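Per my numbering, the very first residue in the sequence shown carries number 1; after that it's consecutive.
Be careful, since some hints might not be right.
[Claimed, not checked] Listed next, the in silico DSSO-like pairs over lysine-lysine satisfying Cα-Cα at most 27 Å (straight line):
no.: 1; residue 1: Lys127; residue 2: Lys82
no.: 2; residue 1: Lys198; residue 2: Lys226
no.: 3; residue 1: Lys31; residue 2: Lys127
no.: 4; residue 1: Lys76; residue 2: Lys4
no.: 5; residue 1: Lys127; residue 2: Lys28
no.: 6; residue 1: Lys126; residue 2: Lys240
no.: 7; residue 1: Lys4; residue 2: Lys14
no.: 8; residue 1: Lys174; residue 2: Lys162
no.: 9; residue 1: Lys165; residue 2: Lys14
no.: 10; residue 1: Lys190; residue 2: Lys31
no.: 11; residue 1: Lys28; residue 2: Lys126
no.: 12; residue 1: Lys25; residue 2: Lys124
no.: 13; residue 1: Lys101; residue 2: Lys176
no.: 14; residue 1: Lys127; residue 2: Lys190
no.: 15; residue 1: Lys82; residue 2: Lys2
no.: 16; residue 1: Lys28; residue 2: Lys4
no.: 17; residue 1: Lys76; residue 2: Lys101
[Claimed, not checked] Taking CB as the label site, the calculated pair distances span:
no.: 18; residue 1: Glu7; residue 2: Leu246; range: 31 to 41 Å
no.: 19; residue 1: Glu147; residue 2: Val5; range: 17 to 27 Å
no.: 20; residue 1: Arg210; residue 2: Asn44; range: 21 to 31 Å
no.: 21; residue 1: Ala29; residue 2: Lys164; range: 29 to 39 Å
no.: 22; residue 1: Ser12; residue 2: Asp86; range: 20 to 30 Å
no.: 23; residue 1: Leu46; residue 2: Val222; range: 22 to 32 Å
no.: 24; residue 1: Gly228; residue 2: Glu7; range: 40 to 50 Å
Hint data in this document are derived by calculation from the structure and do not stem from the laboratory.
For clarity, every value in this text was computed on a predicted model and none was experimentally measured.
All residues carry an ideal CB built from backbone N, CA and C; glycine is no exception.
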Amino acid sequence: MKVKVVENRQLSEKDFLLSVSLPEKEIKAIKPGQFAMVQVRKENQLDPLLRRPLGIFDVESDIVSFIYRIVGRGTKFLSEIKDEVDVILPLGNYIEENVEKYLFIAGGIGIGGIFLAAKRFHQKGKKVTVIYGGRKENDLSALPFLEQYQIPYIAMTEDGSKGKKGLVTDILEKFKDHRWIACGPTGMLKAVKGKADKLKADCFLSLDTRMACGVGSCLGCVIRTKEGYKRVCVDGPIFKADFVEL
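Based on the provided sequences and hints, a complete structural model is requested.
What follows is the structure, given as structure tokens:
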């Protein structure tokens, strides 16, 4: 579906916010934690051929937003799109709202997979904390949005340039009575999973893998689980941490 680009602006050195206008039907169907497959090639071109999966960062009125980072040709092309873009959404399962205390753990651009849930649950009166980590301050490009909606957060950077110096896993123990939802690099997710296993915390992971189709046909995003291989695009992207093997 081709949709109008409302804005496509730079947030930091490599991070961008893409906002598009969607019909009411698609807006109402979106749930926190879901994602879209976004076409990243220019008009009348076939390269890059494959779409990119982007977590649905925010929804306001008829506007849906995504945060993405330039990591190659596809996302570089995406950063140059100004008029319209082709998207398939919403895809995947979602973050359930069935407990009172939530800890959202985001590593860098992983904030795109958890922000909408943190925002909505906070607005509904749930106890919400976001731990937002990165190597340096530039990696925390969504901090202004957490502040805008007054979502409680703890910033962590490995070099100490913003917030506390250290890793997101350094302070998880004090939140062991919360439900954890983590999204970020695989190394971070492995560390969070290990901490959750040790503390017996209720933990879910939002997995960000390479995808070709986004609808379960190509088997390009399979992961190993306790029940064999599962497809991240249709069985996830949200999985119980103790169910998956990373």
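Right, here's what the structure says about each hint:
1. Lys127 x Lys82: Given that 27 Å is the threshold and the Cα spacing comes to 38 Å, the pair is violated.
2. Lys198 x Lys226: Cα-Cα ~18 Å, so holds.
3. Lys31 x Lys127: holds, 19 Å
4. Lys76 x Lys4: It holds: about 19 Å lies between the C-alpha atoms, which stays within 27 Å.
5. Lys127 x Lys28: holds, 25 Å
6. Lys126 x Lys240: Satisfied, since the Cα-Cα distance of roughly 20 Å is no more than 27 Å.
7. Lys4 x Lys14: Judged against 27 Å, a Cα distance of about 23 Å means the pair holds.
8. Lys174 x Lys162: holds, 21 Å
9. Lys165 x Lys14: Cα-Cα ~22 Å, so holds.
10. Lys190 x Lys31: holds, 25 Å
11. Lys28 x Lys126: holds, 22 Å
12. Lys25 x Lys124: At roughly 23 Å apart (the allowed maximum being 27 Å), lysine 124 and lysine 25 satisfy the hint.
13. Lys101 x Lys176: holds, 10 Å
14. Lys127 x Lys190: holds, 25 Å
15. Lys82 x Lys2: holds, 13 Å
16. Lys28 x Lys4: At roughly 18 Å apart (the allowed maximum being 27 Å), lysine 4 and lysine 28 satisfy the hint.
17. Lys76 x Lys101: violated, 38 Å
18. Glu7 x Leu246: 31 to 41 Å: holds, 35 Å
19. Glu147 x Val5: 17 to 27 Å: holds, 25 Å
20. Arg210 x Asn44: 21 to 31 Å: holds, 25 Å
21. Ala29 x Lys164: 29 to 39 Å: holds, 38 Å
22. Ser12 x Asp86: 20 to 30 Å: Roughly 26 Å apart at Cβ, these two residues keep to the hinted range, so it holds.
23. Leu46 x Val222: 22 to 32 Å: Hint holds: Cβ distance 26 Å, inside 22 to 32 Å.
24. Gly228 x Glu7: 40 to 50 Å: With Cβ atoms ~42 Å apart, the hint holds.
Violated hints for the displayed structure, listed by number in ascending order: 1, 17.
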